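Asks: The primary structure of each chain is shown beneath.
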Amino acid sequence: MSTVSTQHGAAEPAAPQSNYLTNGNTIASWLLTTDHKRIALLYLVSITVFFTVGAWAASMIRLELMVPKGTLMENDTYNKIFTMHGVVMVFFFLIPMIPATLGNFLIPMMIGARDLAFPRLNLLSWYVYVAAGVLAVIAMLTGGVDTGWTFYTPYSSIYSNSQVGLTIGAAFLAGFSSIFTAINFIVTIHKMRAPGLTWFRLPLFVWGHYATSVVIILGTPVIAITLLMLAGERVLKLGFFSPELGGDPVLFQHLFWFYSHPAVYIMILPAFSVMSELITCFSRRKIFGYSFIAFSSLAIGGLGFLVWGHHLFVSGQSMYQGMVFSIISFLVAVPSAIKIFNWATTIYKGSVRFNTPMFYAIGFMGLFLIGGLTGLYLSSMATDIHLHDTYFVVAHFHYVMVGGAVMAMLGGVHFWWPKMTGRMYADSWGKLSATIIFVGFNLTFLPQFVLGYLGMPRRYHYYHFAPEFQVWHVMSSAGSSILAVGYAMPLFYLLWSLKRGPKVGPNPWAAKGLEWQTASPPPTFNFETTPVVTEEAYEYDPEADEEVTTEVERIAAGDLPHGR
Amino acid sequence: MAVEAIAEHTEQGHADGVFHQFESIEQQNESYIVGMWSFLVTEVMFFGPLFFAYLLYRWQFQPQFYLVHKELNVALGGLNTVILLFSSFAVAMAVHFAQKKARQKQLLWLGLTLACAFGFLIVKYFEWAHKFHVGHVPGPGFRWEAAGEAGVVPAGIAELFFSLYFGMTGLHGLHVVIGIICIGTLMLLTARKSKLVESYIPTEMVGLYWHFVDLVWIFLFPLFYLMPQ
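Note that the protein sequences, when read in sequence, are chains P and W.
Numbering (our numbering) for the first sequence: -15 to 548.
Numbering (our numbering) for the second sequence: 3 to 231.
In short, the hints are calculated from the structure, not lab data.
Just so we're clear, the structure is a prediction, and the values are computed from it rather than from any experiment.
Careful: at least some of the hints might be erroneous.
Chain W side only, calculated, beta carbon under 10 angstroms to chain P, not exhaustive [unchecked claim]: (1) F21; (2) E32; (3) A104; (4) Q106; (5) F221.
With a straight-line cut-off of 30 angstroms between C-alpha atoms, the simulated DSBU-like cross-links for lysine-lysine are [claimed, not checked]: (6) W:K107 x W:K126; (7) W:K195 x W:K72; (8) W:K197 x W:K107; (9) W:K197 x W:K72; (10) W:K133 x W:K72; (11) W:K126 x P:K221; (12) W:K72 x P:K221; (13) W:K126 x W:K72; (14) P:K221 x W:K133.
The C-beta atom is built at its ideal place from N, Cα and C for all residues, glycine as well.
Starting from the given sequences, assemble the full structure and let the hints guide the process.
Replies: Structure (structure tokens):
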């Protein structure tokens, strides 16, 4: 606490001559950088590009479903569009989203290290990611893929005439990229913590990313070899999955979901870890149940590998197998609920400040709660058989993966934006965008629960068999345009803040993490001297805090001069 | 999490082969070792599904697989096992001499490892060439009629067995090729006294990888060639 207030109260900490942003201005200095902070920004730009591509496909889908007859595009085109949406959003947006940007930027800073353990490997992972993304886009432009992002065999291995090979090549490469990042995180967290930073003094952000990295190194190779086997079947006619070649297509589903279910936790665990940081900082209160939150991340990571079979309830697997998978799937609710309850308890009796990141955090809790609770309907075998492959499933996983992970990502970006750029955005615009996204999101996906319950199947581009669905589809499509406005807004006011935003000191939120102890933007090697940690994480003191005026409030009061 | 005091001032340059992000050579070496083991975990998971598929089909078609496996050449497989076991010993010796900073002996043992790796591929070539010759290769040209078990085992199941055989030994062979590239590069750098391989760590890393390649074969050999006997 002491250091924070003195640094904060001090006139201006000795500004370093150069920070990571000004250290080299040429294009080469960015493209050949090994600085984890610059690589994080490269990732931030590239995932934004892929998000735009995926969002365009999503809007095409919503446009098509406005009318029951589906007049905008052909069946085949529609298949390619929703596959594109799935492939781009899952492999090139949601999975790398938080670890590759916020994780890359913050983990070395949070543990007091100068860089990740393997900086060149880190740069390589970005290049591999971009190459994979370009490959995927080439596949889309040269005919597209119509298998769905799940690439189910034998359709994908024998029958489909679309660009399956190129697309699975892209997904395979993207897997390498996330493995590189994960190995980097694991080694860095194990070996490069600052003196005094024991495991139980680590910020929960680091715990969450540690659990995520473990899931990545255990899961990603499995999808890699599965896709390779699919390629072997398609190109060399090796028999693994296709009944025509003596194999079993359900084997593919088992192997595919062995990765792809944990992949959901690769998306949501980092989001949880961001939430722990936001909630504590804006409640001004030590987080409730630190070790429970830390271990629940590991528990989710572990349980995540035992539940893939709930994707196969209707695949013909045995009923007893289904029952076991159903029970274990319910168990995932326990560590998830531990997190939600602990956050709620932290907010309770905290002195809550409603800045933009807190708006996103509260939005996350609402959306993730709906997503998580509807997960229980789908993990019960009985209800899942009714709801399988309907819009109920679509709504559920969008609530978790988009409502959850993307809200946390945006909250995190708003929280650490002053650290990344040294400038503050307009708080009121931030709150507005969070509200619009929350409203737009619910308007888009709540009707889809109803649609799914009524029996609207996934992956259909028409529903003239049931024109009464139209009202729900129109609501959903209208919601998606509101959502698009909400997602576009931060792009504008954040870019505006780069030039015009007021400059802020090292710790505008009066937060506690090590990353706030160095200048904003940080110098190239993060800290002038190696920090020594003497306290547990989140030692907020609400009483002393009454006097802390954050820079945000000063900016709001017109105290700080605006930037050049 | 406050920083109470700045206890020590550390230079942020790099000296004595320590990269800028590390505090000391010990920290750097330990990081490389943890990194390599994490990578090997991904390799184990990478081979996992193939072993799982083998397990599944083996269990499903136990008697048929037993008959088909007789088409494999146990002698050549055994020879390859001996070669790889020796190469694992050789690379361990290379690591030992790298730690002792005995460059000539290190190069000698690395050379022996490399020779073994090539030897393995040559033996594999003869094995595979024979399979291609008799048509035991999955795909449109698959021929099962000539084999002694042709009437007993349906061609589809034989093809499944050979799919697994070629898939798994092929992937293993690919790892051998990558190993050859790594060992070759390491030898070249060591012979040139490059700064990059001053420490024993690169040799240790290559050694760990090569032990893994050996280990996979130690599982493949009994599963495909021996187990039913």
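Asks: Take the hints in turn and mark each one as holding or not.
Replies: How the hints compare with the structure:
Taking 10 angstroms as the C-beta contact cut-off toward chain P, the hint placing W:F21 at the interface holds, the least distance being around 8 angstroms. Taken as an interface hint, W:E32 checks out: its beta carbon lies about 6 angstroms from the nearest beta carbon of chain P, inside 10 angstroms. Residue-level restraint check for W:A104 is violated (minimum Cβ-Cβ distance to chain P is 29 angstroms; threshold 10 angstroms). The restraint placing W:Q106 at the interface with chain P is violated, with a minimum CB-CB distance near 30 angstroms, outside the 10 angstroms limit.
Checking W:F221 against chain P: minimum C-beta separation of about 15 angstroms lies over 10 angstroms; hint violated. Distance hint between W:K107 and W:K126 is fulfilled; the C-alpha atoms sit about 29 angstroms from each other, no more than 30 angstroms. Between W:K195 and W:K72 the alpha-carbon distance is near 49 angstroms, which puts this suggested pair outside the 30 angstroms criterion. Under the criterion of a C-alpha separation no larger than 30 angstroms, the hint pairing W:K197 with W:K107 is consistent with the structure, at around 19 angstroms.
Taken as a hint, the W:K197 and W:K72 pair is broken in the structure, with Cα atoms around 51 angstroms apart against an allowance of 30 angstroms. Taken as a hint, the W:K133 and W:K72 pair is honoured in the structure, with Cα atoms around 13 angstroms apart against an allowance of 30 angstroms. Between the alpha carbons of W:K126 and P:K221 the distance comes to roughly 21 angstroms, so the proposed pair stays at or under 30 angstroms and holds. Under the criterion of a C-alpha separation no larger than 30 angstroms, the hint pairing W:K72 with P:K221 is consistent with the structure, at around 23 angstroms.
The straight-line distance between the Cα atoms of W:K126 and W:K72 is roughly 17 angstroms, inside the 30 angstroms bound, and the hint therefore holds. Between P:K221 and W:K133, the direct Cα distance comes to roughly 16 angstroms. Compliance with the 30 angstroms bound is thereby established for this hinted pair.
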